[in-house]
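Residues -21 to -1, 1 to 558 (mature numbering (1 follows the signal peptide of the UniProt record, and there is no 0)) are what the sequence shown spells out, left to right.
It cannot be assumed that every hint is accurate.
Stated by the list, open to error - The list that follows gives simulated cross-link-like pairs (lysine to aspartate or glutamate, DMTMM-like), each with its CA atoms no further than 25 Å apart: (1) K236 / E319; (2) K433 / D160; (3) K433 / D361; (4) K129 / D153; (5) K161 / E319; (6) K60 / D153; (7) K60 / E27; (8) K137 / D153.
To be verified - Label-pair restraints from in silico Cβ distances: (9) P90 / M184: 35 to 41 Å; (10) Q199 / V490: 20 to 26 Å; (11) P338 / I392: 36 to 42 Å; (12) D297 / T343: 47 to 53 Å.
Keep in mind the hints are simulated off the structure, nothing from the lab. Note that CB positions come from ideal geometry on N, CA and C, so glycine has one too.
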Amino acid sequence: MGTAKLPALLWLLAGVVLALAVNPAHGAKTRHYDFFITETNYTRLCHEKSILTVNGQFPGPTIYARKGDLVIVNVHNNGNKNITIHWHGVDQPRNPWSDGPEFITQCPIRPGGNFTYQVILSEEEGTLWWHAHSDFDRATVHGAIVIHPKRGTTFPFKKPDKEIPVILGEWWNDDIEHVLDKAQLLGGDVDPSNANTINAQPGDMFPCSRDDTFKVAVQQGNTYLLRIINAGLTNDMFFAIAGHRLTVVGIDARYTKPLTVDYIMIAPGQTMDVLLEAKRTLGSNSRYYMAARTFITLPLDTIPFNNSTATAIVEYTDSVTARPIGPPEFPVQLPAIKDENAAMAFVTQLRSLGTQEHPVHVPTHVDEHMLIDIDINVLPCDPTNMVEKCKEGPQGNRFAASLNNVSFQSPAIDVLDAYYYSSGHGVYEEDFPNKPTAFVDPPVNNGSGPLMTKRGTKVKVLEYGTVVEVVFHDLSSENHPMHLHGFAFYIVGRGNGTFDESRDPATYNLVDPPFQNTVSVPRSGWAAIRFRADNPGVWFMHCHFDRHVVWGMDTVFIVKDGKTPQAQMLPRPPNMPQC
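Make the full structure from the sequences, and use the hints.
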């Protein structure tokens, strides 16, 4: 972009222009929230520790809004470390300044500082979420975003009797910052969490947890909208409720054709709107387990992972005979922990709603084709790390990850500022490859272990309005939830094995594919997405397994301004945090 630096006296004018530019549409509202980042003591699994929270809550507060609203969130960092907040799945039209990823669109908010985010809602309707986007902070700094239909409109299904956020997550007994520091120091994998959780509670199968198990009170004949979020750092999840079927009606704040299933598979970063009809099916029992279990595709059983099942309880409270007494009904019909067929069977059934009110607009002509290899790699041990010398890394190296053989390296200043002021000279390179490239010798570390890779801050620049097809191709023998900031995209195809560009596009669904912001790429398989680059700005794309983000499974799309004012990035706010 190469925009000249604004004189200090023009900052006030820039702020006024920004405020006018992001005024909500007619009939919408501006809603205000204050987030105070604080250290708060919480106890789980008989273990008390201090964690970062928003307003002392874990999970954090829910943001409520309607489609098209403007949400102003003033974040005050009263914690002990730098932090940023991301509004996951919010497109933020023309407004990358408030997107949140650390050193991509902003410098972090320092302890004692604050920053006001302008969260612009546009086409999103349903469930999204917010979370920290710095280090591993989102383990405890996260919460739901509930976006209701505009006034005068309604859900494309019967209005539920009640809405219930259900946030799936993970708990570490150790300080999460220590978990990350240890992995980076020793070069190995991240220690697995000690428990999966439902609304921050592991459930009554864990020690010191029975009394605080999350409970949902229901009445026979009512319908409940479960707003399910996978906020976990490391695990895909299977989710189900004993004795009940679930009807999926939305994913990533976009409506789907109703899909009634026994279970769902939800990847980190994804959200699902699911209807639960309260119809007792197991005699007079009034208590039923809700459960979430890890789904994992790691190829070796020697690699440690969290294989626990988190539980909550659905309780019927509508009559004397339905009082919550006795143990919940069990077992929940969850697929096995490594049941890839069950996961694929679920995700391939999802379809966009495709009605007049919620149409489907799949681009049929593609301007730019990209094939992106996803891989787990290694890098040489840091020569300054003389204490531990990567003793837990493979072959004396340290774990890394890559897209098209490039392991992303975050710059010292954020990419957005570098682009806005000086076209990125010395901060990033505009040569992220459209296809895999090999440049490391020897390529396979003498025939054993992961591939060596190379670090770089490489971005992909797109002209405004370009239609992009990205085919993610997994080489790592592990599922990957790939998330794109600034856009939702159509998942037009997926499959097992190596992508065949002469055969596989014939299998694409160009009629009603799901419209999402996070796609689960199958182990040793592929997934194809399409989107129109009509949101100018700087937008992060990365795996939503947080250890892979740290290892470098990321890149950045820079979408250039279009020709009209409504196709151009908003001006830089005057109160951006400084690096």
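Hints, one by one, checked against the model:
| no. | hint | verdict |
| --- | --- | --- |
| 1 | K236 / E319 | holds, 23 Å |
| 2 | K433 / D160 | holds, 22 Å |
| 3 | K433 / D361 | holds, 13 Å |
| 4 | K129 / D153 | violated, 43 Å |
| 5 | K161 / E319 | violated, 31 Å |
| 6 | K60 / D153 | holds, 17 Å |
| 7 | K60 / E27 | holds, 20 Å |
| 8 | K137 / D153 | violated, 44 Å |
| 9 | P90 / M184: 35 to 41 Å | holds, 38 Å |
| 10 | Q199 / V490: 20 to 26 Å | violated, 38 Å |
| 11 | P338 / I392: 36 to 42 Å | holds, 41 Å |
| 12 | D297 / T343: 47 to 53 Å | holds, 50 Å |
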